[in-house]
Structures are given as C-alpha cells and as structure tokens.
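*Asks:* Could you build all of it, start to finish, from the sequences and the hints given here?
Residue numbers (our numbering), protein chains in the order written: chain A, 1 to 375; chain B, 1 to 256; chain C, 1 to 277.
Don't read these hints as lab results, they were simulated from the structure. You may find that some hints are simply not true.
Stated by the list, open to error - Using 30 Å as the maximum straight-line C-alpha spacing, the simulated DSS-like pairs for lysine-lysine come out as follows: (1) B:Lys135 / C:Lys231; (2) A:Lys342 / C:Lys216; (3) C:Lys139 / A:Lys342; (4) C:Lys231 / C:Lys191.
Said to hold, decoys possible - Derived coverage of chain C by chain A (criterion: at least 3 residues anywhere in the stretch with Cβ under 8 Å from a Cβ of chain A; other residues may be distant): (5) 53 to 65; (6) 81 to 89; (7) 128 to 135; (8) 140 to 149; (9) 155 to 165; (10) 211 to 217; (11) 242 to 248.
Note that the coordinates shown come from a computational prediction; the quantities given were computed from them, not determined experimentally. Heads up, the beta-carbon is just placed ideally off N, CA and C, and yes, glycines get one too.
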Amino acid sequence: MYVAVKGGERAIDAAHEWLADERRGATDVAELSIPQIREQLRLAVNRVMAEGSLYDPDLAALAIKQARGDMIEAIFLIRAYRTTLPRFGVSAPIDTGAMRCDRRISATFKDLPGGQILGPTFDYTHRLLDFALMAEEGAGATPAVAEAAGAARAAGGAEATALPHVAEYLDREGLLQPEPEDNTPPRDLTREPLDFPADRPLKLQALARGDEGFVLSMAYSTQRGYARNHPFVGELRIGRVAVSMDIPELGFAIDLGEITVSECETVNQFTGSKTEPPKFTRGYGLVFGQSERKAISMALVDRALRWEELGEDDVGAPAQDAEFVLSHSDNVQATGFLEHIKLPHYVDFQSELELIRRLRAEAMMASTGPQEAAE
Amino acid sequence: MTPLLQVRNIEKRYGARIGCADVSFDLYPGEVLGIVGESGSGKSTLLNCLAGHLAPDQGEVIFDTRADGPRDVRQMPEAERRMLSRTDWAFVHQNPRDGLRMRVSAGGNVGERLMAVGARHYGDIRQTAGDWLTKVEIDTARMDDRPSAFSGGMQQRLQIARNLVTGPRLVFMDEPTGGLDVSVQARLLDLLRGLVRRMGLSAIIVTHDLAVVRLLADRLMVMKSGHVVETGLTDQVLDDPQHAYTQLLVSSVLQV
Amino acid sequence: MSYNFAYLDEQTKRMIRRAILKGVAIPGYQVPFASREMPMPYGWGTGGVQVSAACLTPDDVFKVIDQGADDTTNAVSIRRFFEKTAGVAVTEKTAEATVIQTRHRIPETPLCADQILVYQVPIPEPLRFLEPRETETRKMHGLEEYGLMHVKLYEDIARHGEIATAYAYPVKVEDRYVMDPSPIPKFDNPKLESPALQLFGAGREQRIYALPPFTKVASLDFEDYPFDPSKAAHPCALCGAEDSYLDEVIVDDAGGRMFVCSDTDYCASRRDTGEAA
Numbered sequence: 001m002y003v004a005v006k007g008g009e010r011a012i013d014a015a016h017e018w019l020a021d022e023r024r025g026a027t028d029v030a031e032l033s034i035p036q037i038r039e040q041l042r043l044a045v046n047r048v049m050a051e052g053s054l055y056d057p058d059l060a061a062l063a064i065k066q067a068r069g070d071m072i073e074a075i076f077l078i079r080a081y082r083t084t085l086p087r088f089g090v091s092a093p094i095d096t097g098a099m100r101c102d103r104r105i106s107a108t109f110k111d112l113p114g115g116q117i118l119g120p121t122f123d124y125t126h127r128l129l130d131f132a133l134m135a136e137e138g139a140g141a142t143p144a145v146a147e148a149a150g151a152a153r154a155a156g157g158a159e160a161t162a163l164p165h166v167a168e169y170l171d172r173e174g175l176l177q178p179e180p181e182d183n184t185p186p187r188d189l190t191r192e193p194l195d196f197p198a199d200r201p202l203k204l205q206a207l208a209r210g211d212e213g214f215v216l217s218m219a220y221s222t223q224r225g226y227a228r229n230h231p232f233v234g235e236l237r238i239g240r241v242a243v244s245m246d247i248p249e250l251g252f253a254i255d256l257g258e259i260t261v262s263e264c265e266t267v268n269q270f271t272g273s274k275t276e277p278p279k280f281t282r283g284y285g286l287v288f289g290q291s292e293r294k295a296i297s298m299a300l301v302d303r304a305l306r307w308e309e310l311g312e313d314d315v316g317a318p319a320q321d322a323e324f325v326l327s328h329s330d331n332v333q334a335t336g337f338l339e340h341i342k343l344p345h346y347v348d349f350q351s352e353l354e355l356i357r358r359l360r361a362e363a364m365m366a367s368t369g370p371q372e373a374a375e
Numbered sequence: 001m002t003p004l005l006q007v008r009n010i011e012k013r014y015g016a017r018i019g020c021a022d023v024s025f026d027l028y029p030g031e032v033l034g035i036v037g038e039s040g041s042g043k044s045t046l047l048n049c050l051a052g053h054l055a056p057d058q059g060e061v062i063f064d065t066r067a068d069g070p071r072d073v074r075q076m077p078e079a080e081r082r083m084l085s086r087t088d089w090a091f092v093h094q095n096p097r098d099g100l101r102m103r104v105s106a107g108g109n110v111g112e113r114l115m116a117v118g119a120r121h122y123g124d125i126r127q128t129a130g131d132w133l134t135k136v137e138i139d140t141a142r143m144d145d146r147p148s149a150f151s152g153g154m155q156q157r158l159q160i161a162r163n164l165v166t167g168p169r170l171v172f173m174d175e176p177t178g179g180l181d182v183s184v185q186a187r188l189l190d191l192l193r194g195l196v197r198r199m200g201l202s203a204i205i206v207t208h209d210l211a212v213v214r215l216l217a218d219r220l221m222v223m224k225s226g227h228v229v230e231t232g233l234t235d236q237v238l239d240d241p242q243h244a245y246t247q248l249l250v251s252s253v254l255q256v
Numbered sequence: 001m002s003y004n005f006a007y008l009d010e011q012t013k014r015m016i017r018r019a020i021l022k023g024v025a026i027p028g029y030q031v032p033f034a035s036r037e038m039p040m041p042y043g044w045g046t047g048g049v050q051v052s053a054a055c056l057t058p059d060d061v062f063k064v065i066d067q068g069a070d071d072t073t074n075a076v077s078i079r080r081f082f083e084k085t086a087g088v089a090v091t092e093k094t095a096e097a098t099v100i101q102t103r104h105r106i107p108e109t110p111l112c113a114d115q116i117l118v119y120q121v122p123i124p125e126p127l128r129f130l131e132p133r134e135t136e137t138r139k140m141h142g143l144e145e146y147g148l149m150h151v152k153l154y155e156d157i158a159r160h161g162e163i164a165t166a167y168a169y170p171v172k173v174e175d176r177y178v179m180d181p182s183p184i185p186k187f188d189n190p191k192l193e194s195p196a197l198q199l200f201g202a203g204r205e206q207r208i209y210a211l212p213p214f215t216k217v218a219s220l221d222f223e224d225y226p227f228d229p230s231k232a233a234h235p236c237a238l239c240g241a242e243d244s245y246l247d248e249v250i251v252d253d254a255g256g257r258m259f260v261c262s263d264t265d266y267c268a269s270r271r272d273t274g275e276a277a
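*Replies:* Structure, rendered in structure tokens:
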C-alpha cells in the first residue's frame, strides 16, 4: 500500500550535514581563515557589507565563508543578522569632504587641487592571468613591493588635508543645479514599509543596498539610450572617513571609528528651459568599501530617476521608473521570491491540473459530441 | 432649463505659456458643441480640463448631476469624479488605443463599463455588448476577438460603443475621425450623427476638421492662441464668419 | 547567543500587532508594515512567520502546514524555528492547535473561535496581474474600482466557458475590499467564512491583512456563472474521504496515480478512527 511521503525532518537534517561537509571541501586543503578572506578577498567583503547594509569586515568574511562564496547568500546572512541588532542611535552624516583618499580621480578636469590619485585600481592592469599567484606562498608579497605599496598608502594617508570636491568648483561658478538643503531625517527602509512616491534619500538608500548587478544593468541601459543623461564622472573618491555620533549625555559628538566608502558624483548635461539658463545637474553614489563600479552605477541611476524633479520627459525607460527600480533592486527579496518556486506547489498545481483536464474534456466533447450522437 | 454643463473662466497655463484662458459657455441637454481651431489653439487642453484629465489653474466646470443637481466637478472628491466619468460621462480619444484595452476582447471592452457599475450577469452583459456592437456596425461574430485584430475604423467604432453602453449624458470627443481614411471617416461620421440624434446625446467635439462639425455640431466655438474668438450656431459661423481668423479658417479649409 | 521569545524583539512585535489590529478593524484591507529581514528567505513564509511570532504566547500550541501537510520540508523548518526560538508546544492535530501557520491550504477540520489561522502570502495584491503598479492598485482599492477584475472573469468565460482561476481565487470581503486569499485552491474558499481569526502575512511585499471571525467573504462570480468550489471527484485512496482536497501522486513508472488527502492530519485521524477505505 502507498504510504504518504514522510521524513521531511530527516531529509532536512541529512541535507544540512551534507552541506557542512561540502562547505569544508577536501580536508587535505587547509581551512580558510576569516582574516584571509577579509584581507585577500576584500572586494567581496566590501560588496557583502554594502548590500548587507552592515559595516563589519569580519562578519562579512564569515558570511562569505559560510555561504561558500555565494555572494547573495552571504548578503542574506548579514541582513538576517543585522535585523537582530539593537539600535543605539544614529550617527552624524559622514563628511566625505574630509575623506582621507586612497583614490580620487576626476574625468572632467585634467588637474585640480589635490591632484588625481590613482590608488589601488584594476583600471590599467592588463587582464592576463597571473600564474605567479598560483604559487601557494609569497607571490606578489616581496618586501620591495610591500614597501612601495606602503609608501603609496602613507602618502595618501598623510594627505590628511581635505581634498575639495570637484563639484565645488562648478558650484562656485553657478554652473551646477543647486541641491535643496533638507535636514529632515531620511526615511529608513529597514524600519518602514517602502512607500511611493519615494523621495531622493529613500531612492539613494535603496540603490546603496541594491544588487550591484541590477544597478549596473540599469545604469548601463541609460548609457545605451534608455533615458540617456550624458554623465561625466565629475569625481570618484575612495577612502576613509570618520563616523561620529552625538552623545546626549556628553553633549558633544565623539568619533566611533573609521569606515571606507566609495563616493561618485557625476556631472550631467541639462539643457535648461526658456526661462532658465542651462546648468549641469548631478547624480550621486555612495557605497561602503571600495565598490566603485557600484558607486558609479548608482550615480547614473540616481540621475535617471530625477527626471521629474528636473522637469525632463518621461521617455518610459526602465531606469526612470522609480517604482520599478526600487521594487526590484533588492537581491535578498528577489532571490527569496525567485527560489520559493522550488517549494512544493502540489495544491495549486493540482487545482490547475483538474481545471485544464476539465476544460480539455469539454472542448473534446464540443468537437466530437455530434459525431458520437450520429453513430 | 438648467444647462447640463456650465463652464466658467477656465484657464490653464504651462509655465508662462497659455494653454487656454477665459473660456466660458453653457451646454444644454441634447446639444452638440463643436470646438474648432488649428493645432496649438488650446482646444484639446480645454477639452482635457473639462473632462478632468487636466487640472485647470482656475475656473469652474459645473455639471448638472442626477442626484444633486449642478455641482462643480473640480470640487468633487476623486471617487465621485471617477464614478461620473464611467457613468454619465464618456470620452472618445482620437487614438482608439488610448480608449480601448487592447488585450481584452471586443465584448469585454464594451462590457467593462457595465461591470464597473455593478452588472453581474454574464449573459446580460454579453447581450448588451452584442447589441452595441451591432449598433456600431461590428459583426457580433468578432465579439471575442481583440481590438488589435481590428481595422482603425472598427477600433474607433468599438471605442464609441464602449463609451456609450452605459447611456452617458455627456460625451467628450477629441478628433474622433482623426487618423482615419476619408471614406472611413464618412461612415464613422454618419454613424455618430445617427447615435447622437437617436440617443439625444449632449456632446463636446474638438476637431480641426470643419466638415465634422458641419455634420454634427449645433453650435461652434472657434479658438485661437488659447482664447475663444467666435461663437455661434454652426451654420452661422461657417457661412458668415465674423472674426478674421474664422474667415481664414473657413476659406482655407472648407472647400466642400 | 539567545534571541527574544519568538525571535523578534518586543518593539517589532508591537509594530506587527498594531498592523494586525488595523487589519482586523478593516477586513480585507492590506496594511503596510515594516517587514523585518528574517533568517529565512523572502517568499518562504517570512510574512506568516512574523505574524505568528507576534501572536504566539508561551501557552500556545503551534501547528504548521504546507500544502496541507505537517511533514513537508518548509513546514518542518518553520515549526522547528518556533520550537527553538519560542519553545512553544507543537502539534500536528488541527483541533489541538491554537495557532496554525499555513501555506496554500485551509485545514479540513473546521476551525473554532479560539484558533488563529496564519497564512503565508506571496503576492497580497489581487489586482497585481491586471495592474503592476502599487500606486495605481492602492487607488483602485481606495475608490473601489473593481470593474477590471470582473473583465478578467468575463474574458475567462468568453474564452474557456468558465472562470479559469483554480487557486488564489479572488474574494470580496464584507462587500468592500477585493482580497487575495493566498494561493489556496478555490475548493477552500468557502472555509474563509470561519469562527477563527484569520491573518495574512506577506513579508517581502510588506503587507498584513485579516479576516475577523464570521466575516462575510464572497468569491467573485457572475449570477449566471456562480462560483463553483468543486474539485475532482475522487475519494481519498487512504481514508476514503469524499469531502477533502486531494493530492495526485504518481505511483509507478507507467504513470499510474492515486489520490490522497492533502491534509495529512485529517487523513490520519480518519484512518485512526477506522474510516479507511
């Protein structure tokens, strides 16, 4: 006799054990340590921190290890952990003008006060596999190289004098659309349901947490003509900024520590109108860690989403549609809903099955009915 | 007699540019008003302000409602205004794609307004939809086809059926024959004239085509640069235009 | 590391309870709430889990079903989550449970007044597949503009001769809000009028809605094409029940199949009391 499927509990336990074993891989290879991931897969760590909305390199490294390198899974782990954390307060806005830059480039001015700082970038590397890295030990870490890198880092670090934002120069001439001052605390996506219309802070928040691939593709679509906005990278800067918080008991702000962020400000063309002379406008991106692809993408999408505020036409491009972009940018939401179709749907499928059988039977009856009657 | 629609000092600006300004008129039950002018004269802006698709900057649009008599449509809550626009009002767009659901069958298109006001008997809805398709000269065998499979003229007639099925008291039409071949236009005009007279409809028709208003409108309003420059009975305005602009319009266009 | 009772902190539970109370006050209305990121994926019951967490007390007896069964993997996973984080008693018996979390079914055993049925909801918006924009659908609900919903049913009949919706069949609540009952088979729709409190949680979409006890729930239809909750006419091959919803199971390579109750507790208790076929 048939016995209904049982054993869900045992199956789950067995699956978890197998998974743990797979995660470890061959035991004759040394286990990855968290510091190794944190130091050597730093860009992966940065992405997990950015999209997980939690600045903690060690936890991000742990999540990457536990997720076996699946970035979205790692982001999910960080998000689920983050939601349990008590909230002690809100930091003061970071001052990126005071950033100690590791990298700072402008595509709009050849030279400018503070200069162009190339920093640790893939940009001008030739993408050739470096087989030397296959060696287990010591590749790339010759004392001479380490010393040179250290010196470069120190030079950047010593540049403690703040580098002015490129936008300020355009601003001084009145060439940039001024951004309205607004000191209302921004809505918090993690504490309030997403609600439309969304204001710019909320959009930026969603983009900063949004999936890098999604934001990149949206930005790319604007470059290909779906709401083109003629962006120039006015400035991209990556470096360390202090995070401070007002302590009411003390009556003043104290520095809690330092975080690395990537900031991108684009300068975009704007034709102006009959009553207003033309001005440049801007898009803005800010992301945890060195995540410059994400920061630039974010700035382009931010700019595309501002069409209404800047009096531009809605050309019906996906990147202009705030409801579309914000509703689909979160990869933790997307992956959960996408993968939920793996869950059993026996009941829904059964009801469809019955319906389609009945409709087919009726259709057959309708086409063969009279014939049978004649026989 | 109470006018069905009283329009007072409607004005709509786009920044410094005038869409339309200073427009006032009364429309009586059973009357068809034509609004003519070249493109950019503000006639479509005016129509959209009247029909509630655009918010005018000032002025009143007072409609003689069934329940409460004359009321300013602009002061109504949105729910009431939407109810009005699917019962007593109808709007025929120039492009039938704007007024039809292209992925819904012809029958469903006509039935939608009935269902929106509470019809819940499939057979009755279908019957009424079929009657209306016949009235607008669409074969009922095409009832379950989607409008995308229809010709432009059929789509426009379907749009008219969809609008008139709830027996509206006021119909707004924006260039209803625009974009159609001349022979198709003639047939549509003929059909419209029949429906308007038989149902005793009140209508406001915006068009640049004087032949349309000659055939359909009792009265005319001529617009230029957002202002009304001349009004009067249709024949009077067309045969004896007073304003220089109307004279130009009549002499240049109306060679029939 | 220890978590609060039922995982969520008390502030969050309070926020969810406020949303539930609002939902109860306006039956069928979708209340936005600040859904939290749970340690399980969106789409896997995060809405239901948050609603359950906000309802559970230490004395509750908790039951979880997925597709009607207590032993499907996701039901097991959610039940374990609350055993671990809330330490509540769990059961597979519908009659013994005080809070039942479900995905896609309403238990066959009639519920009673002191029970809460919590639904996991993937897409709470019944108008979503007619109109993708949230801003627009909220307006349609606000203005009670449901004509389009009936156009869809009309099109079904015109094309198929009947309303071709087999699950997630839309209902109208207390003659006001059109509501998605979650993807339950339409066979279950009549059970939506119940003495129990029914709560619906959609985590990813950040919505909660409710049917208070004895709320009027009408499945949308036409007078001449009335709603038909029927299912395939088979008895359960295990317990012989004629009145329960059945899963179809393929039993051999030749495609042989049998029909068995999807509600495992109902089936088992019938067999225990000797009503097997």
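*Asks:* Hint by hint, work out which the structure violates, then give me just those numbers in ascending order.
*Replies:* 1, 2, 3, 5, 6, 8 and 10
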